[in-house]
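Student: Chains as they are written, first to last, in the numbering used here: chain A, 14 to 362; chain B, 3 to 236.
To be clear, the hints were calculated from the coordinates, so they are not data collected in a lab. All residues carry an ideal CB built from backbone N, CA and C; glycine is no exception. Among the clues, some could well be false.
Said to hold, decoys possible - Within a straight-line C-alpha distance of at most 20 Å, the following computed PhoX-like cross-link-like pairs (lysine-lysine) qualify:
#, chain 1, residue 1, chain 2, residue 2
1, B, 201, A, 86
2, A, 101, B, 162
3, B, 162, B, 177
To be verified - Short derived list, chain A residues pointing at chain B, Cβ under 8 Å:
#, residue
4, 35
5, 38
6, 54
7, 94
Stated by the list, open to error - Among chain A residues calculated to face chain B with C-beta under 7 Å, some are:
#, residue
8, 36
9, 46
10, 48
11, 49
12, 51
13, 53
14, 129
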Amino acid sequence: MFGLIGHSSSFRDARLKARDLGLEELAEGELDLWCSAPPQLVETFELTSATGQTIQGTYIDSCFVPEMLSRFKTATRKVQNAMELAQKKGINITALGGFTSIIFENFNLAKFQQIRATLLQWERFTTGNTHTAWVICRQVEQNAPRLGIDLTKAKVAVVGATGDIGSAVCRWLSRRTGVAELLLVARQQQRLEDLRQELGGGRVLSLEEALPEADVVVWVASLPQTLSIEAESLRKPCLMIDGGYPKNLDTRVASEHVTVLKGGIVEFVRDIGWQMMEMAEMSNPRRQLFACFAEAMLLEFEGWHTNFSWGRNNITLEAMEQIGAASIRHGFSALGLEPVEAPAIALVA
Amino acid sequence: MASSVLAPTAEEIPDFSTEAYKSAYSRINAIVIEGEQEAYDNYLSLVTLLPDQQESLGQLARMELKHMKGFQACGKNLGVEPDMAFAKTFFAPLHNNFETALAEGKVVSCLVIQALMIEAFAIAAYHIYIPVADPFARKITEGVVKDEYTHLNYGQEWLKARFEDVRGEIEQANKINLPIIRRMLDQVADDAAVLHMEKESLIEDFLIAYQEALMEIGFASRDLARMSAAALVA
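Start from the sequences, fold in the hints, and give me the full structure.
Tutor: Written out as structure tokens, the structure reads:
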């Protein structure tokens, strides 16, 4: 059994979802009420791999909503309580979706292993970041050429380059993809310099400097509230991969020369019998999902019951290759600009 | 993004010597003592409805009595006189419902009130109290909380073994008594805040323990949210 810990993308969505589930009190409740709501085990469903193997998964809604981010204790409780529930249900490997892993990392929740009577076992959880990083790189590799961008000649800006996913993406793009130049953008200058040295290349730039130069922009940081992007100042064409959370880049840039692709999203080879993704703003919620969730599925398919992605800046190219090969084997493909081609496998009905 | 959020701070320990703390403690400590006393009485009363359970119930009752004495010592240690009159009024609505159910021979309702709700309430409150308690009370409370799980488990197992026959009465008892629990949490919130125990987490932790018991008993996960919503609405 694998698990997914998710949450609604806004308080408004959470209330709508509660109404769908017939929970009127929650649907009408104010944010304070939601702050006291315990995590809910929403559904259990089956998933069949391209190889024919079937596994079971459970979706847990932590009852967190992004509006709680400014309440440190509340946000912390939501994450810890959802993790405790997953462990108590005996789930082998659970992915921390959306803000769950961000809160875990930024609030340093690894310090708090004891939750009431439960000692959290970290090996039962994964951030899913290795698969997300691999998928984002694949999205760059597959979609830039479709826009006429030759990656061997292209400048690729990575915004949020020093983060867990960002640094992995930089490593892969420079060593595996062989992009012409990496433009490294992040807030912390020392970390940027360390990363540049590790990569043995790349240029450290501010966001304003990097954007007009970049043929491809990979966003793996959430967007500053005040950010506005002048489409006219960008390269033509320009591919933007929106790998942050929440995915709202397309509301900030609108131009025929700029193509925005939702980053870190995969499409599964067949329908998944779940209900909860309906609200997750996927264009095909029966098949599309966050790559971090898919990582938990892959770890369960493969029997790799370990915290495959954990901590910060631990993602190796070998781990990305390993999870990437499993991803293809089991029927996931990276979301692309055109309808995703069906993998060449015989479907087992 | 999340990085703009403040870094975590360690659990703040209150000043146990202030008058404000002692005043709040006189009511909270009394509630805990009264709660353990009533638990003792309730488990012994249940023997009249479950004579074959005399031994187990007697054992649970004796543990509650031991807890009560421990919490009395906590008050003495801080030089606080528990306000027992307040605590009796605090428990009265729930106590009355238990007595009524007992008189009507409704063993399921009695177990829902005592073994599920009150025990889940205690587990939540004790867990939240431990990190902010004075060293003496912390040690006592850590010992108590382990026992309370076995009490919750007792009610859980009994009800689980008869789930199909008793689910209707559990739902009914839930509907009648959960709003009372919620009012009790509201009533105690200000004093609890002085002890650095937050209402928000008290409610959440109570619901976690309570829902977990309901799930063990046999309710589906969707039933849980529906049944516990009454505790969320003020």
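Student: Does the nearest C-beta of chain B fall within a distance shorter than 7 Å of the C-beta of residue 51 (chain A)?
Tutor: Result: holds, 4 Å to nearest chain B Cβ.
Student: Is the Cα-Cα distance between residue 201 (chain B) and residue 86 (chain A) 20 Å or less?
Tutor: Between residue 201 (chain B) and residue 86 (chain A) the Cα gap is close to 12 Å, so the pair holds against 20 Å.
Student: Given residue 46 (chain A) as an interface hint, is its Cβ closer than 7 Å to any Cβ of chain B?
Tutor: Since the shortest Cβ distance to chain B is 5 Å, the answer is holds.
Student: Does residue 54 (chain A) pass the interface check with chain B, least Cβ-Cβ distance below 8 Å?
Tutor: holds, 4 Å
Student: Can you verify the interface hint for residue 53 (chain A): is its Cβ closer than 7 Å to any Cβ in chain B?
Tutor: holds, 5 Å
Student: Do the numbers back the hint for residue 129 (chain A), that is, is its least Cβ distance to chain B under 7 Å?
Tutor: It holds, given that the least Cβ distance between residue 129 (chain A) and chain B is near 5 Å, below 7 Å.
Student: Min Cβ distance, residue 49 (chain A) to chain B: is it shorter than 7 Å?
Tutor: holds, 4 Å
Student: So, residue 38 (chain A) near chain B? Judge it on the closest CB pair being under 8 Å.
Tutor: With Cβ-Cβ at 4 Å, under 8 Å, it holds.
Student: Holds or violated: the hint that residue 48 (chain A) contacts chain B, with Cβ atoms closer than 7 Å.
Tutor: holds, 5 Å
Student: Hint residue 36 (chain A) vs chain B: min CB-CB distance below 7 Å?
Tutor: At about 5 Å, which falls below the 7 Å cut-off, the nearest Cβ of chain B leaves the hint on residue 36 (chain A) intact, so it holds.
Student: Does the CB of residue 94 (chain A) sit less than 8 Å away from some CB of chain B?
Tutor: Holds: closest Cβ of chain B sits about 6 Å from residue 94 (chain A), inside 8 Å.
Student: Given the hint that residue 162 (chain B) pairs with residue 177 (chain B), does the C-alpha gap stay at or below 20 Å?
Tutor: holds, 19 Å
Going down the numbered hints, you'll see the structure goes against none, and every one checks out.
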